[in-house]
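Residue numbers (my numbering), protein chains in the order written: chain A, 1 to 241; chain B, 1 to 450.
Bear in mind the hints are in silico, worked out from the structure with no lab data behind them.
Any given hint might turn out to be false.
Restraint-style ranges between C-beta atoms, simulated for each label pair [stated by the list, open to error]:
id, chain 1, residue 1, chain 2, residue 2, range
1, B, Ala423, A, Glu5, 53 to 63 Å
2, A, Gly79, B, Trp372, 47 to 57 Å
3, B, Phe81, A, Leu121, 56 to 66 Å
4, A, Gly156, B, Lys13, 38 to 48 Å
Straight-line Cα separation of at most 20 Å, DMTMM-like style, residue types lysine to aspartate or glutamate; simulated pairs [unchecked claim]:
id, chain 1, residue 1, chain 2, residue 2
5, B, Lys288, B, Glu301
6, A, Lys173, A, Glu140
7, B, Lys440, A, Glu80
8, B, Lys333, A, Asp102
9, A, Lys145, A, Asp191
10, A, Lys62, B, Glu443
Note that CB positions come from ideal geometry on N, CA and C, so glycine has one too.
So you can see what is in the structure, the chains are spelled out below.
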Amino acid sequence: MSKQEYILEAEGICKSYRMGTAEVKVLKGVDLSVKKGEFLAIVGASGSGKSTLLHILGALDKPDKGVVRFEGRNLNKAGEGKLNHFRNKMVGFVFQFYHLLDELNVLENVLLPTMAGTGVLGWLGRRRAAKKRARELLSEVGLGKRANHKPYQLSGGERQRAAIARALMNEPKILLVDEPTGNLDSETGNDILKVFEKLNRAGETIVMVTHDEGIAQRAGRIITLADGKIEHKCASAQINL
Amino acid sequence: MYKVILPFRYLFKKRISYLALVAVALCVFTVVVVMTVMTGLVNDFKQKNHSFVGDCIVGTESLVGFAYYEDFMKVLEGADFIEGVSAAVKSYALINPKGSQHSVGVEIMGIDPVRHSQATGFGETLHYNKSDVSKTFKPSYDPNLAGCVIGIDLWIGRDAKGKYTYAAEPEMQALSISCFPLTPKGALAKAGAGEVDTRTFYYSDTSHSGLARVDGSFVYLPFEQAQSLCGMDRPVKRASWLHIKFRPNTKPEAGCEKVALLWRQFAKENSGGKAAETLDTVKVQSWKDYQRPFIAAMEKEQTMLTAMFVLVGVTTVFIVLVVFYMIISHKSKDIGILKSVGTSNSNILLLFLCFAFWVGVFGSAIGAAAGWRFLVHINQIENWLFEHVGFQLWDRTIFVAIGDIPNQMEFRLLAVIILSAIAACLAGALVPSWQAARLKPVETLQVSQL
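Construct all of the structure, not just a fragment, from the sequences and the given hints.
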């Protein structure tokens, strides 16, 4: 496979945290490559460093050692402005606890990445088109009629759908998903996973972190993270079928 | 756009924001009310002093007075920038109502009421002769008698509410006024059999200048009579002061400089005169310099008050700082979310500074509106408190110069207070906002997950 096919690559990623006087090594040299259009699941027990890895891949955190490349460009060497642009335009995050802004309604939450990426004048010029796209995305995730509701008026599943719509707003090249069903019942979690599967079929690259191997089976490829290292890699059963 | 929307939502949907709003509003309210009242009192005091003195004054503190004043008046009257000049004799005397055993020490001022009203605001201070000042020293009950005008607080006591009660017409009252006439050398002059000259004057009007010192100790007499009483009519005529009013287009400082120049020339020309030594102590002063000892005290109080309000401002900054620390600690998740969608540090800083700006704008608007409303009714409130609780902000029997509490808000002062409040909010929010901007998104998002 040529290097150009990888949208995201990580080489020798190390990360440690200080807890009092002790240093806790969370990642101990992780190598990882994600192909365009791939649905990758990273599985690991709680505390295995999978969320840390996801944050590093999405430039929300920096590794102590190692390199992260997005479309061949080294994110470690990018300045703050370029990293902001990367987080705004290239990547969409979906978190376990949805992380919607309570003061904004659902539509405004979905519009947030576009608002963050434009100034006031730029926003005024793009407002109509942005609102149209946000409403379309909400309809796609089944929240067409909930646009003007506040996050606290939605169920957990609906909030996660709104978070997915927000992540897709700026048409990112990759979705980074952290325990998307961790806070949902199995039926609602299944619905959310169906949304990701649909997006992946439409060509979206997805990296999903989960502790649940059953959920990971819905991805095209699974890697297991244990003790800060990639333990083994395999294609999921579903894809093998 | 979120920088516009989110600060408003934080402001109106977070109860903790109301704490900052209330703190700012209370500070602005206090500063607006106290500064308006204090500035009103100081401005009123200055205006009354200006009115009492005129624009410029030439003369001496010496009780001997200075000679050749008539010649200098002619020089001044020939100058195109001068509207009015009035000579005044000033000295000390004892006043004793006929039939009474009480003598009171007073300052006497001999003036020509018509000239003095052209040069100062004297005519406006009269009660009975305001419309025709030429009758000032002609008692209405007998115009042939020598009249005198008495400072209102020497004559009529105030009631508890600070009001004076006048009779419809001045009542006939004879007053013995005793003075010590002085020679041009400053020695006591013989007056009849002794060294005290006593004459009788009749109450013709009262003067209410609004200056406690003047209203409580001044008695105005006809110029020639006062000059004679003080011995300033012999052997060479003398006066204590010349009160000068400039034409409206003349700047006071420039006018005073011109008068000083004219005086220097005049003094030089008359340096060989018989009473030339009386010219040595003559000074040319603006009304402000002349009344400086009284005005400076008020201005000092105002400065001290302003300094105290700087401390109030510092307290506001501290309150806003604390409130913003609390708000930002509650909103750390939002900061993480905003950073995860690509918001820069500077935009996070701006977001919270915008929030602080609106806290300042709304807080000061509420405080200013409440202050304005309070000031409009401040005298009614004071009256109500006095009638129902017995409390009076300034006891009018003691603070005789104060009438109604000044309540005219100055737009410039208000603008300064509001801008200061907004600046205080921005200053208070700067450090917490800066720290918010520097928060690592991953820390805030992970903390939120725990």
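Structure-based check of all given hints:
1. Ala423(B) x Glu5(A): 53 to 63 Å: Hint holds: Cβ distance 56 Å, inside 53 to 63 Å.
2. Gly79(A) x Trp372(B): 47 to 57 Å: holds, 50 Å
3. Phe81(B) x Leu121(A): 56 to 66 Å: holds, 57 Å
4. Gly156(A) x Lys13(B): 38 to 48 Å: violated, 22 Å
5. Lys288(B) x Glu301(B): holds, 17 Å
6. Lys173(A) x Glu140(A): OK: Lys173(A) and Glu140(A) at ~18 Å, within 20 Å.
7. Lys440(B) x Glu80(A): holds, 12 Å
8. Lys333(B) x Asp102(A): It holds: about 10 Å lies between the C-alpha atoms, which stays within 20 Å.
9. Lys145(A) x Asp191(A): holds, 18 Å
10. Lys62(A) x Glu443(B): holds, 12 Å
This entry does not satisfy hint 4, going by the numbered hints stated previously; all others are met.
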